[in-house]
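Participant: Residue numbers (our numbering), protein chains in the order written: chain A, 604 to 916; chain E, 604 to 916; chain S, 17 to 268; chain W, 17 to 268.
Some clues are possibly wrong.
A few chain W positions that, by computed beta-carbon distances, are all more than 10 Å from chain S [said to hold, decoys possible]:
id, residue
1, E43
2, G80
3, E170
4, G187
5, R201
6, A236
7, I244
8, L253
Restraint-style ranges between C-beta atoms, simulated for each label pair [claimed, not checked]:
id, chain 1, residue 1, chain 2, residue 2, range
9, W, N265, S, L200, 23 to 31 Å
10, A, D831, W, A140, 30 to 38 Å
11, E, E838, W, E77, 35 to 43 Å
12, W, L230, A, E696, 46 to 54 Å
13, A, D831, W, R242, 26 to 34 Å
14, S, T227, E, S806, 41 to 49 Å
15, W, N265, A, S693, 55 to 63 Å
It should be emphasised that the hints constitute simulated quantities derived from the structure, not laboratory data. Cβ coordinates follow ideal geometry from the N, Cα and C atoms, glycine included.
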Amino acid sequence: MSPEERSFQERIDADIKIEPKEWMPEAYRKTLIRQISQHAHSEIIGMQPEGNWITRAPTLERKAILLAKVQDEAGHGLYLYCAAETLGVSRDELMEQLNSGKAKYSSIFNYPTLTWADIGAIGWLVDGAAIMNQVPLQRCSYGPYSRAMIRICKEESFHQRQGYDIMMKLARGTPEQQRMAQDALNRWWWPSLMMFGPSDADSVHSAQSMMWKIKINSNDELRQKFVDQTVPQAEYIGLTVPDPDLKWNAERGHYDFGEINWDEFYQVISGNGPCNRQRLRTRVNAYEEGRWVREAADAYAAKKAARAQAKAA
Amino acid sequence: MSPEERSFQERIDADIKIEPKEWMPEAYRKTLIRQISQHAHSEIIGMQPEGNWITRAPTLERKAILLAKVQDEAGHGLYLYCAAETLGVSRDELMEQLNSGKAKYSSIFNYPTLTWADIGAIGWLVDGAAIMNQVPLQRCSYGPYSRAMIRICKEESFHQRQGYDIMMKLARGTPEQQRMAQDALNRWWWPSLMMFGPSDADSVHSAQSMMWKIKINSNDELRQKFVDQTVPQAEYIGLTVPDPDLKWNAERGHYDFGEINWDEFYQVISGNGPCNRQRLRTRVNAYEEGRWVREAADAYAAKKAARAQAKAA
Amino acid sequence: MSDQEALFEYLLRLGDNALVLGHRLSEWCGHAPALEEDLALSNVALDLIGQTQLWLNLAGEVEGKGRDADKLAYLRDARDFRNILLVEQPNGDFAVTMARQFFFDAWHYLLLRELAGSKDGRIAEIAAKSLKEVTYHLERSRDWVLRLGDGTEESHRRMQAAIDDLWMYTGELFEADEIDRAMLREGLGPDPAALHEPWLGLVKATFEEATLSLPQPGWAQRGGKRGIHSEHLGYILADLQFLQRAYPNATW
Amino acid sequence: MSDQEALFEYLLRLGDNALVLGHRLSEWCGHAPALEEDLALSNVALDLIGQTQLWLNLAGEVEGKGRDADKLAYLRDARDFRNILLVEQPNGDFAVTMARQFFFDAWHYLLLRELAGSKDGRIAEIAAKSLKEVTYHLERSRDWVLRLGDGTEESHRRMQAAIDDLWMYTGELFEADEIDRAMLREGLGPDPAALHEPWLGLVKATFEEATLSLPQPGWAQRGGKRGIHSEHLGYILADLQFLQRAYPNATW
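Looking at chain A on its own, in the form it has when it is part of the complex (with noise of 0.2 Å):
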C-alpha cells in the first residue's frame, strides 16, 4: 500500500469523508462511478413503469401524489448524476452508456404495472427494498455520495408509506380490489427480493467495496431485513406472501424464507426481462427526440452570453 493509500484508508477508517478534489485510489474512483451511475440510471428507468398509471390514477390526488413521486425520482436521477459528476464523468457521458445498453439499472424496473395495484406494491416493496439499501449507504465514505443518499432516503420513506396505503386502501376494499392487492404482491414479492443482489456466497467485489466504505451490509443481511420487516406489514392488511416456506423462526429471531429463483433473475438482467427492450427503447427516444431542444437552449444561452459581452464591451 503507498503512503496515500494508507493515508486514504486511515480517513475512510476514521470516519472522515471523502471530498471531490481529495486524492483517491482509481479503483474507488470507477467503483464509485459505477455505483452512482447505476443507481442513477435506476432512477430514471424507474420513472417509467410507474409513470404508466399517471394517466390512469383513480382520484386526482392518488395522480398527484403518484406525479410527484415519479418526479421525486427524476430529482433523484439529477443528484446523483451530479454526485457522479463530481467524479469526473460527466451527465451525458452517462446517459450514451445507459442508451447503448452498457450501464445497468436495477433490473425490477423489467417488470410491467398491470394494475393500479402494483403502484402500492412498487412503493412498498420496490421503494421499501431501496431503502433498506440507502439508509446504511448514508454513511458511506464519499462525501456527496452520502450528502445525496441523506436527500433521497427522507423522500424515499415518504414514497413507501404512500405504497403501503395504495396497499391497505385496496385489501380493504372490494373483492376484486383485494384480489388485484394480492396480485401485485404476489408478482412483485420475489423480484424485490433479488433486488438485493446475489447470495453473499455469489457477490463479487464485495469485500474490497465493504473496506472503502461505499457498501455497508451484505446482501443477505439487508435481503433478510426487509423481509422481517414486511412480512408483518403484509399480515397486517391481509395479504398473504406468496412464499409458502416463509415462517418465523424463533430461535434466530428471524423469518426463514424459501429460495430465490436466480435463474430469473439473470435473465432479466441478461436483457431478457419481460419490459428491458421497452424501457430502454422509451428511454433512447426521449433522449433522442429531445436532442434538438437541448441545442436550442444551449444556443440561446450562448447567443444571451454574446449579446451581454458585446454591451459590456
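Fit chains E, S and W to the given chain A structure using the hints.
Facilitator: For chains E, S and W alone, kept in the frame of chain A given last:
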C-alpha cells in the same frame, strides 16, 4: 358547336353512355375529373370521422359493422379513382392534389365525431344526403362513373339503414342515450343540409353540367327531397329536428325549413372547419409513411418479373 | 339559466381547463428533453391538478348535488366537459407543448388576476392562490418561447409551426357568452374580451424578442366552453376515467 | 381446475387472441400505406372480430354464468384476458404489423387445422369456419414478408428489425400448460409443442425466400395465457371498453 360536339351532345340527349375512349369535350373531361375526384377524396377523408370510433364501438357487432362501413368507403374511393383514371389522370396525381390541399372534399367531414351517436347521425344523415345526391348520378352520362355509382348506391343505402338503426337504439335507450342522439342530430342536421351545396341561385357551372348529364337535379331540389324524407324519420324515433322554422306546407306538399347559415359553410369550405387541418394532416401522414411500403411492393414486383423473364429466356 | 347554474358552469370551465391541461402535461412525465424539464413539467402539472381540485370541489358545492371534484372529473363524459379547445390539443413536440402553455399561461395569469378580485370570496381565494403558481408558469413558458424561437434554426422553425397551428384555438379565450356575461353582471368574473389587449401585448412583445412572427388574425375555433370539443378529448377521458368506470363502487 | 373450467379458459384464449389482434388491425383503418391495404387489413380484422364472437359466445356458454361474447369482451379487466403477448404488441410500422401477423397466422392456421378435428363438435365447427379465413390471412401476410424482405433496402431493414423485435413473443405459442394438457387429454385440442416444427419450417422457408435471417433461438416472453400481459393491453381496453363502462345499463 363543332360537328364532334354536336354528335357528342346528341348521344347524351339520347341517354347513350360516353365511354373512355370516345371523343369528349375537354371541359366535359375536366369537369368530370374534378367531380369524380372530389367524390373519391370525400370517401377517403370520410373514413376519418367514423374511423375515430372503431376502437371504441360499444359492442362487437357494432364494431364489425362500423369497420365494414369504413372499409366500404375505402372501396368506394378505389372505384372512383379508377373511374377518374379512365379520363387520363392517375390516382397518384389525384392523391397529391388532395395532400397538397388543392383538391376539395366534402366539407361535412371537417366536423368532429364527439360521441357514439355521431356514428349513427353520419350514417343516417350524411349517407342519407349522399345517396340523395348519388342516386340520380347512376344515370349520368359517363359510363364508368355511372357504373361506379350503381355499386356505391347499393352499399350506401345499407349504411344509411345501419346509421338509422344506431339512432333508433339510442333514441329508445336510457335518458343519457336519448340525450346523446338528440345532441348528434342537433349538430349534424345543418351541415347535412349544406352537403347539397349552395342555393341554385348561387350555384355556378350547374347549367352546363346538367346539359352534360353529370348533374341531374338542382341542389335545392335534392335538399328539399332530403328534408322531406328525413323529418318523418326523426319524428318516428322521437327526435326533434333543430329548426324552429320547420313545418309542413300542405300547399307545396313539402316541408318548409329555415335559412342555412352559409357563412359557416364557406368558413368550413375555406379551411376553417373544426377538423380541416387534422383531416389533411392525418391523410398526408398515412400517405408519406406508406411510401416505403409502396416502393417495396413495386421493387419486389419488378424483381419478380425480371426473374420470370430470366427464367423464360 | 339561474345564476347558480351559470356559476356552476363557470367553475367547471376553470376546473376543466386545469384538469385537461394538467393531464396533457402529465403525459410528458419520463419523456421530457432533459431531467430538469421532467421536473418542471411535473411541477406545472401538479399545480394544475391542485387547482382542479379547488375549482371542481367548489363547483360541486355550488351545484349542491353531492358531487365532489373526483366525481366531476371522473364521471362526466366529453360533452359535459367545459374546457377550452386549446388545452386538449395533443402534446406534439416540445415546441407545441410550450406554445400551448404560453398561450394558456398568459391568459390564465390575466384571468386569475381579475378573479382574485371576485365578489365571491371563495373564487377570489382560489384565484389568489393559483395566481402565485401561474405567475411562475408564465415566466417559464415565456422563457421557452424565447429559447426555442431564438435558439437554433430547427427550434425556430418548430416553434413557429407550433404557433401557427395553435393560433386558431386562442380566439375562444376572449369570447364572452351568456355565462361570462352573467359572471360579469354579478361581479364574479371579468369580461373575457377585456383580457385580449393585454394578452396580445404580452404575446407580441415575446414573439418580437423571440424573432417569431405573429400569425394573421383568422377564424377562431370555438366550442369547448359549451362542450363541443375536438376528437382528442374522448381519448383523454378513456384513460383518465378507466378505473373509476371499471370499478364503480370502489374507493382508492 | 375442472375440465369445464379448463375448457372455458382455453376458449377465452382463442377468443382473446382474435379480439386483441382484430382490435390492433382495426387501428390501421384509414392509415394504411395504400387503399388496397386499408381494405385488406379491415378484412382480416373483420374475420377476427367474427371469430371472437364465436369463441367468446361458446366460452360464455361453457361457463354457464350468463356472460355472452360482449360481456366477456367489454367487462373483463386486463388480468383476466388470456391472449398471447404477441397480438397485443403495438402496430409499429407496416413491417411490424406484417411480421406480427405472419407469426400469428402461421401458428393460427396450424392450430385451427388441429382444432377442426376436435372431439367437441362446437370447437371443430368454429375452427373449420375460421380455417378458411385464416388460410387467406396467412397467404397474404406471407406475401408481405416476401415483398418487404425482398423489396428495397429500407423495407428489408425494417422487416428484419420487426422480426428481431417480435421473435421473443413467439415462444409462448408453443408452450403447454395445464390447460393445454387438459385439452390434449380430452381430445379437444392439440399439443402446442407439436405445432412448433411445422411452424418453424414455414417461417424458415419464407424467410429464406425473403432473404431474411432467422433470429437466434432465445428467451421466450410468456405470461399472456395466464393474464400476465405487457403494459400495452391496458390502453387497448381503456378505449375498447369505454362506452360499456361509462354507460353500464345501456344497450347499443
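Participant: State for each hint whether it applies.
Facilitator: Results of checking the hints against the structure:
no. : hint                        : verdict
1   : E43                         : holds (12 Å)
2   : G80                         : holds (24 Å)
3   : E170                        : holds (24 Å)
4   : G187                        : holds (29 Å)
5   : R201                        : holds (36 Å)
6   : A236                        : holds (28 Å)
7   : I244                        : holds (19 Å)
8   : L253                        : violated (8 Å)
9   : W/N265 - S/L200: 23 to 31 Å : violated (41 Å)
10  : A/D831 - W/A140: 30 to 38 Å : violated (56 Å)
11  : E/E838 - W/E77: 35 to 43 Å  : holds (41 Å)
12  : W/L230 - A/E696: 46 to 54 Å : violated (37 Å)
13  : A/D831 - W/R242: 26 to 34 Å : holds (31 Å)
14  : S/T227 - E/S806: 41 to 49 Å : holds (47 Å)
15  : W/N265 - A/S693: 55 to 63 Å : holds (60 Å)
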